[in-house]
Amino acid sequence: ASVSKPIASTIVAKLVGDGIVDWDDSARMHNPDFALSDPYVTEHATIADLLSHRSGLATGAGDLLEDLGYDRDYILSRIDQQPLAPFRSTYHYSNFGYTAGGVAAATAAGKTWEALADEALFKPAGMTTASYRHGDYLADDDRAHIHKRLPDSRWAALYDRDPDAEAPAGGASASLDDMLRFLRLQLGDGTLDGEKIVDGEALAAAHVPQVIPGPPASPLRRASFYGFGWNVTYDDEGRVRIGHSGAFELGTGTNISFMPGEKLGVVVL
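Every position in the sequence shown, counted from 1, becomes a number in our numbering once 432 is added.
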């Protein structure tokens, strides 16, 4: 589910480090088909804006079209019908806004999102089971199945959730071992098993607060932040905690979290 988002921002960081895109490139610079309802936002919304949910696109925009079975191109071609909140001064968690940012980066690289993920991250990092294709997940017999709790408290595998339309935002699948490799890459500043996979400076930008999702409820509460596909918080000792959770209403829960200063990371699938 949405643990796919930090995986996606790591892929975009790879392109940033390679000089193919910049975080502050407008999405439209690389994908002329990108459009939102405000012409100014259409021209100026950057990859950074889309990956930090500050474009003004509403939470849930496009999600119902996905539920009805429409594909990525169809949905992205119609998000310009959604009214926008104020640009860069509001936070609205948007799967298809995030997806538009990933698609812009992939277009700049001349690849589909799925092929870019394989070539930029999964193969170099040795994440052999990882994929943004739902078909790859279904083809593996040794996979987790979405479960629903029945009225008699038994659990049953009743559903399948196909997130291909929003792949950068929610469509990744991988084994626990591969997600631990992904966390080691984050803790290693882009280096894994002695090999530089992603430029450290480009990767660090994803871990830095970019927007405040909402002000603290009281002076006694801390603000929380969002980077590029990562939630960023600080504990009582001032140590940074970086992570993301994910869930599908049909019965999936995931979480990834790490503390760079402690060299500690945890994955729960």
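Calculated from the structure, these hints are not laboratory results. Ideal Cβ positions, reconstructed from N, Cα and C, are used throughout, including at glycine. A couple of the hints might just be wrong.
Listed next, the in silico BS3-like pairs over lysine-lysine satisfying Cα-Cα at most 30 Å (straight line) [claimed, not checked]:
| # | residue 1 | residue 2 |
| --- | --- | --- |
| 1 | Lys-555 | Lys-543 |
| 2 | Lys-555 | Lys-628 |
| 3 | Lys-555 | Lys-695 |
| 4 | Lys-580 | Lys-695 |
| 5 | Lys-580 | Lys-628 |
With beta-carbon atoms standing in for the labels, derived distance ranges [stated by the list, open to error]:
| # | residue 1 | residue 2 | range |
| --- | --- | --- | --- |
| 6 | Asp-465 | Ala-517 | 21 to 27 Å |
| 7 | Pro-647 | Pro-583 | 18 to 24 Å |
| 8 | Glu-551 | Arg-575 | 30 to 36 Å |
| 9 | Asp-621 | Tyr-525 | 23 to 29 Å |
| task | Given the range 30 to 36 Å, decide if the beta-carbon distance of Glu-551 to Arg-575 lies inside it. | result | violated (23 Å)
query: CA of Lys-555 to CA of Lys-628, is that 30 Å or under?
result: holds (13 Å)
Status of the given 21 to 27 Å range, CB of Ala-517 versus CB of Asp-465:
Roughly 23 Å apart at Cβ, these two residues keep to the hinted range, so it holds.
| task | Sort out whether Lys-628 lies within 30 Å of Lys-580, counting only the CA atoms. | result | violated (41 Å)
Is Lys-555 close enough to Lys-695, meaning Cα to Cα at most 30 Å? Holds, at roughly 24 Å.
### Task
Starting from the range 23 to 29 Å, see whether the pair Asp-621 and Tyr-525 falls in it by beta-carbon distance.
Distance hint for Asp-621, Tyr-525 holds at roughly 27 Å.
* Is Lys-580 within 30 Å of Lys-695, Cα to Cα? -> violated (36 Å)
Check your understanding: Do the beta carbons of Pro-647 and Pro-583 sit within 18 to 24 Å of each other?
Key -> Given range 18 to 24 Å: violated, Cβ gap about 41 Å.
Q) Given the hint that Lys-555 pairs with Lys-543, does the C-alpha gap stay at or below 30 Å? A) Within the cut-off at roughly 15 Å; holds.
Comparing the model with each numbered hint stated earlier shows that hints 4, 5, 7 and 8 do not hold.
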